[in-house]
Structures are given as structure tokens and as C-alpha cells.
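Q: For reference, the chains in residue letters:
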Amino acid sequence: MSWKKHDYDDIPGTYVFDGKTAHSSYRMNKLLYSFNHAENRKAFDDDPEGYADRFGVTPEQKAALVKRDFLQMLRLGANIYFAAKLAVPAGVSVQDAGAQFQGITTDEFKAKLSAKGEDLQKKLARAGGYWDG
Amino acid sequence: MARIVGGVTTSHIPAIGNAMTGHLEQTPYWKRFFDGYEPVKKWLSKVDPDIAIVIYNDHGLNFFLDKVPTFALGCADRYENADEGWGLQIRASFEGDAEFSWHLAESLIRQEFDITTCQEMLIDHGFIVPMSLMWRHLPEWPVRAIPLAVNTVQHPIPSARRLLKLGHALRQAIESYPEDLKVVIFGTGGMSHQLQGERAGFIDVDFDLQCMSSVINDPEWLASLSIDEIIRKAGTEGVETIMWLAMRGALHPNVNVVHKHYHVPISNTGAGVLVLENAT
Chain F
1 MSWKKHDYDD IPGTYVFDGK TAHSSYRMNK LLYSFNHAEN RKAFDDDPEG
51 YADRFGVTPE QKAALVKRDF LQMLRLGANI YFAAKLAVPA GVSVQDAGAQ
101 FQGITTDEFK AKLSAKGEDL QKKLARAGGY WDG
Chain W
134 MARIVGGVTT SHIPAIGNAM TGHLEQTPYW KRFFDGYEPV KKWLSKVDPD
184 IAIVIYNDHG LNFFLDKVPT FALGCADRYE NADEGWGLQI RASFEGDAEF
234 SWHLAESLIR QEFDITTCQE MLIDHGFIVP MSLMWRHLPE WPVRAIPLAV
284 NTVQHPIPSA RRLLKLGHAL RQAIESYPED LKVVIFGTGG MSHQLQGERA
334 GFIDVDFDLQ CMSSVINDPE WLASLSIDEI IRKAGTEGVE TIMWLAMRGA
384 LHPNVNVVHK HYHVPISNTG AGVLVLENAT
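The listed protein sequences derive, respectively, from chains F and W.
First residue of the first sequence: 1, per the working numbering; consecutive thereafter.
First residue of the second sequence: 134, per the working numbering; consecutive thereafter.
Extracted from the complex, chain F is given alone in its bound form (with noise of 0.2 Å):
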């Protein structure tokens, strides 16, 4: 038995969530999936690793979870949906999380992002049609 291979395996840094990765971490997402509850949100942060230990997830996965460590997370296949529910109540965007992933800081990442629409306005003259208030 083996885990088929896939086009988008090779693209650098990046955590496809398919079938390999939902099976391998179907317990830590189950777990982040019950942070819909706010009691749930409470009851992980009272006792971290005694709320994990109740899910059954590795011992990997349990660290990563109880550091909030997003990126070993994801490395341990959670879903990035799912980690969001673990992530936003503890006040971190998914802006301070894809900073986290780069190891810079949310400023950084901003500032990047913004760079995205430098040239918004001579694209859109290009591509024509476009609304501009």
C-alpha cells in the first residue's frame, strides 16, 4: 500500500490538504473542529494537554497544539481552517500566522501583502473596464 503522488506536492511551502494528510491528522482536526463551542475553546485552555489527550492525538501533534505552534501543525497535517478556530480566539490573525510561517513580523507580512497593489491602477487601465469609483 502506498500514498498516491500528486502534481502539487512539489510546491514550496505549501501543506495540500488531501486524503494522505486528512488520515494522518484526522484526530488533531477533530479536535480544532470542536473549537466551534465556546465551552470547548475554555475547556482547551483551562488543561491544553489534558483536553488533547482526550482526542487521542501524537504526542507531536499534542506539543505542537499546546505551544500553538501553527506551522508544525500544519506540518502534522492540520487543516488550516480548523487551525483557525485555535488561532483567532488566541488572538492571533491569520495575517500573525502567515508572518508565524515566514518568521517575520505581522508588519512585514502586511507590508508585503500591500506591496501586491502598487500597480493596481496601471493593470486595471490595461486589462480595461474596470470600476473606479
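Please keep in mind that the hints were generated in silico from the structure rather than gathered at the bench.
Virtual Cβ for every residue (Gly too), placed ideally from N, Cα, C.
It is possible that part of the hints are untrue.
Below 27 Å or equal to it, Euclidean Cα-Cα: the simulated DSS-like pairs (lysine-lysine) are [what the hints assert, rightly or not]:
no. : chain 1 : residue 1 : chain 2 : residue 2
1   : W       : K366      : F       : K5
2   : F       : K4        : W       : K200
3   : W       : K366      : F       : K123
4   : F       : K116      : W       : K366
5   : W       : K200      : F       : K30
Non-contacting residues of chain F with respect to chain W, defined by C-beta distances greater than 12 Å in every case (computed) [as the list claims (entries may be wrong)]:
no. : residue
6   : D46
7   : R54
8   : P59
9   : K62
10  : A63
11  : K85
Place chain W on chain F using the hints.
A: Positioned in the frame of chain F, the structure of chain W alone reads:
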């Protein structure tokens, strides 16, 4: 007979929801983005739809990974929004139209789209953000709504071409309903963005503009790209843009552009808006 009055495409990211909750629309960061929706709101008030069919992906509110339907259609009288753990304000529920939903389900399945029917379906920000963008200024939602959730979260996800074909089937389904209903179709999600991994923050403005042009004039171009190519060009979460093709497929081959707007960045995302009507 039910008829399609047009289609709208829009981003649905949570940051937009938070900006609306915080009344940030006129702040420098957000103004150009939100101003680009004013023509959409005017158009909606002119065409005055009875029903909105909203094509979006659930992000782990209604569906966990224990069961992941590729296509799931709401067939209920009412749809509730709920806490999805992201701190978003919970918005008022939507009235559905169960008779119309079940007609759509029958027609789609007869056309070999083997969708999952849902008699209970929580709607998350992927649905709520677009609806709020259109109608938060009104005291009540002015339309009945039908959620059509597409799996873009766990691969394998359906191909871009499959979404275009879903749109074709949706058009037949809608236009074979005997009741006089005006239907607007929302294709939501995208555009280019990647939230996860060291490649987070990836945006490709040129690709986004190519997609917008393709959705208007040449849906075949976007439909012919593989999911792998779209991940490379639009980011892992940017694959949501394939849902625009389901809206487009429900319209005629030739369309009139009522409105076209693009802004970047909004949070981590390239944000495009289209309003299209069937060409007469």
C-alpha cells in the same frame, strides 16, 4: 417560470465580515473595496430577486471531515448562522424555499450531478459575508436563499470544468421550475490567496485579472486549468475561484457586464466583483 436575473461574484473572507461589524467601510484601508459594492447593491435593488442561490464552501462549520460531500444543497425552510470559532458576529438566519430546493435536487441528480441534500445546514462566513455585503443596510434579508456548498477544503476537490458544468445543469434546473421566481446566483470565494505554510501571503494580481476576463468572455480558459495549476497560480485557498464558474455556467454563453471591480490586497486576498446579466 423561474428565471435567472443575473449573477454576482465576490470574495467571502472573514476579514470583510469583521470590517462590516466594526463599521470600517469608510476607513482608508477598506473604502475602495466597499465602494466597489455600491453598484452591485443598486443593481440588486433594481432587479429585485426573490431567491439567491449562493455557491460557496463550508470552512468547518456544517461539515467536519468525517463526511465531506463534493456538492451539498440546502433543502430546508430555514438556515442558521452559528459560531465557527473565528469571533465573527452571528447574523440573522435565512428563509429557504424547500419546494424549489427539492426541484433543483431532482433536476441536478437527473442531470447526473449526484449532490447531497441537506435538511439541516448551518451557513458559515462563506455564505454570510456575501449576503451582508449586499444587504446589511436593510432591516431584513430581502430574499429567500438556497445554499449550495462545494468542497474546496479537502482534496480531491471537483475540477474547474465540473463547476462550469454544474452551472449549466443549474440553469436547466432553475428554468424548468414552473413558479414565477426571479433568481440571482452568487459565485463566491477567491480570488488568489494562500493562508497556509511558508508561501502564505501569495497573491497574483495578473492571474486574478485573467480569471475575471475568462469568467466574462471565455470560461473555457479557466475551466481547462487543472486544480494543481490553479493552486500554483492562485494559492491553496485561491482554488475557491472555481466556484465563480458555477455562476457563469448558469448564464448564457454571451453576457453583459453590469459591473466589474477589483481591489488588492484585502487581508491576504485579491478581491474581485462581477455583476453579469444574460445578453439579450
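Q: Hint by hint, note whether the structure agrees.
A: Checked hints:
{"no.": "1", "hint": "K366(W) / K5(F)", "verdict": "20 Å, holds"}
{"no.": "2", "hint": "K4(F) / K200(W)", "verdict": "21 Å, holds"}
{"no.": "3", "hint": "K366(W) / K123(F)", "verdict": "17 Å, holds"}
{"no.": "4", "hint": "K116(F) / K366(W)", "verdict": "15 Å, holds"}
{"no.": "5", "hint": "K200(W) / K30(F)", "verdict": "12 Å, holds"}
{"no.": "6", "hint": "D46", "verdict": "17 Å, holds"}
{"no.": "7", "hint": "R54", "verdict": "16 Å, holds"}
{"no.": "8", "hint": "P59", "verdict": "21 Å, holds"}
{"no.": "9", "hint": "K62", "verdict": "19 Å, holds"}
{"no.": "10", "hint": "A63", "verdict": "19 Å, holds"}
{"no.": "11", "hint": "K85", "verdict": "3 Å, violated"}
Hint check: a violation occurs at hint 11 only; the rest are consistent with the structure.
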